[in-house]
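Engineer: We have chain A already, so just place chain B on it with the hints.
Number of protein chains: 2
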Amino acid sequence: MATSDQSEQLAPGQTVMIPSRSGRAFTMKKGQRLTVIDPRGEQVSDLLAFNTHDLDEVISSGRTLDYASRIYLTKGDPLYSNRSNVMLRIIEDSVGRHDFLLTPCSKDTFRIIYGDKEPHHGCFGNLSTALMPYGISSDRIPVAFNCFMNVAIDGTTGQLCVDPPKSKAGDHITFEAEMDLTMALTACSALQSNGGSFKPIHYRIDD
Amino acid sequence: MATSDQSEQLAPGQTVMIPSRSGRAFTMKKGQRLTVIDPRGEQVSDLLAFNTHDLDEVISSGRTLDYASRIYLTKGDPLYSNRSNVMLRIIEDSVGRHDFLLTPCSKDTFRIIYGDKEPHHGCFGNLSTALMPYGISSDRIPVAFNCFMNVAIDGTTGQLCVDPPKSKAGDHITFEAEMDLTMALTACSALQSNGGSFKPIHYRIDD
Numbered sequence: 000m001a002t003s004d005q006s007e008q009l010a011p012g013q014t015v016m017i018p019s020r021s022g023r024a025f026t027m028k029k030g031q032r033l034t035v036i037d038p039r040g041e042q043v044s045d046l047l048a049f050n051t052h053d054l055d056e057v058i059s060s061g062r063t064l065d066y067a068s069r070i071y072l073t074k075g076d077p078l079y080s081n082r083s084n085v086m087l088r089i090i091e092d093s094v095g096r097h098d099f100l101l102t103p104c105s106k107d108t109f110r111i112i113y114g115d116k117e118p119h120h121g122c123f124g125n126l127s128t129a130l131m132p133y134g135i136s137s138d139r140i141p142v143a144f145n146c147f148m149n150v151a152i153d154g155t156t157g158q159l160c161v162d163p164p165k166s167k168a169g170d171h172i173t174f175e176a177e178m179d180l181t182m183a184l185t186a187c188s189a190l191q192s193n194g195g196s197f198k199p200i201h202y203r204i205d206d
Numbered sequence: 000m001a002t003s004d005q006s007e008q009l010a011p012g013q014t015v016m017i018p019s020r021s022g023r024a025f026t027m028k029k030g031q032r033l034t035v036i037d038p039r040g041e042q043v044s045d046l047l048a049f050n051t052h053d054l055d056e057v058i059s060s061g062r063t064l065d066y067a068s069r070i071y072l073t074k075g076d077p078l079y080s081n082r083s084n085v086m087l088r089i090i091e092d093s094v095g096r097h098d099f100l101l102t103p104c105s106k107d108t109f110r111i112i113y114g115d116k117e118p119h120h121g122c123f124g125n126l127s128t129a130l131m132p133y134g135i136s137s138d139r140i141p142v143a144f145n146c147f148m149n150v151a152i153d154g155t156t157g158q159l160c161v162d163p164p165k166s167k168a169g170d171h172i173t174f175e176a177e178m179d180l181t182m183a184l185t186a187c188s189a190l191q192s193n194g195g196s197f198k199p200i201h202y203r204i205d206d
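For the record, the sequence lines run as chains A and B. FYI, numbering that gives the first Met the number 0 numbers position 48 of the first sequence as 47, with every residue one higher than the one before it. FYI, numbering that gives the first Met the number 0 numbers position 67 of the second sequence as 66, with every residue one higher than the one before it.
Hints were generated in silico from the structure; no laboratory data involved. Even glycine gets a Cβ: it sits at the ideal position worked out from N, Cα and C. Since no wrong hints were added, every one of them can be taken at face value.
Here are the simulated lysine to aspartate or glutamate pairs, DMTMM-like style, with alpha carbons at most 20 Å apart:
id	chain 1	residue 1	chain 2	residue 2
1	B	LYS106	A	ASP55
2	B	LYS106	A	GLU56
3	A	LYS106	B	ASP55
4	A	LYS106	B	GLU56
Taking beta-carbon pairs under 10 Å as the criterion, some of the chain A residues facing chain B (in silico):
id	residue
5	ARG82
6	ILE140
7	ASP153
Here chain A stands alone, though its shape is the one from the complex (with noise of 0.2 Å):
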């Protein structure tokens, strides 16, 4: 398996390794289908979608769920922008539990949930540092939609619990662009999404 750091220049086919705690970004045409793969199981990938040729246009979760009326997404439900406009559609999932609810996670997560001293920049430092290229600042980073991410929730209480993912080793998810897209994603930084190990995630891009 070939793998290369510099996603910009991929090539349709080519799997791409994204190293434990990094991220990158890339962009992707209409038509074309993106796989996100968990190598060696248990581990998350923030996923993010702007609108290539209008930038204003991003992901957006609310318009999401609210559509689906459902928290949890899968293989046929279309992942919404903020203008209400289809950007991608999952077209396979081999693991089925996903998560759309929470934010990247990012040196205020880890100091204010983990309590870390000297926090690391997390997802969110990986998602603004590699986006920054494309003209997108970390303010317009919203919800991002959480490849693997497991979490739980008490109907009756509203309680969270982020337990470790259900994806094995090679288990993957594959998302066809609806639009022209600028896109970034992460090998997760936070040690309760990931089940407690820092592991890298791969990708593909087929026309």
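Structural biologist: Only chain B this time, still in chain A's reference frame:
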């Protein structure tokens, strides 16, 4: 009870009526308290907050739910910005059920969910119009804190169900501002959220 359509010139302690299916924007100083009142019962009010001194800092469902580890927020809970600063804190709550998952109803909500052929502009349109004079564009409208909105969640299937609010006539929720804020509030335009009838919302700001 004094009512006024000119929320911008609101005197402390004065109660303002937001007519059914409309919205208002206004500013609050740090330390002031906002009380949102449901005068007739079973009505929803979408709430947005921006940092007056830097409008790119905005209320964030993802940060707030993550740090609370809870979907349902009530007395004592802080509402965080996208930069992980506390914008507002809930200091009183006579209902105990609000939503922070779904975006404001919009023309697209009525088209996609209700199948309306000539859809109403919804809370999204009302928020856009109210915030425009403050220099906030519609693309900057995130998931709102939906006062009194009653979204039931099936923890197993993830199914969401918008039930009638639990609020009775005169019920309220009070927030304290922890920074200078530019706010917007609506009297919600979606029948599903409101138990089937459009009603006004009242609010009051106290020093």
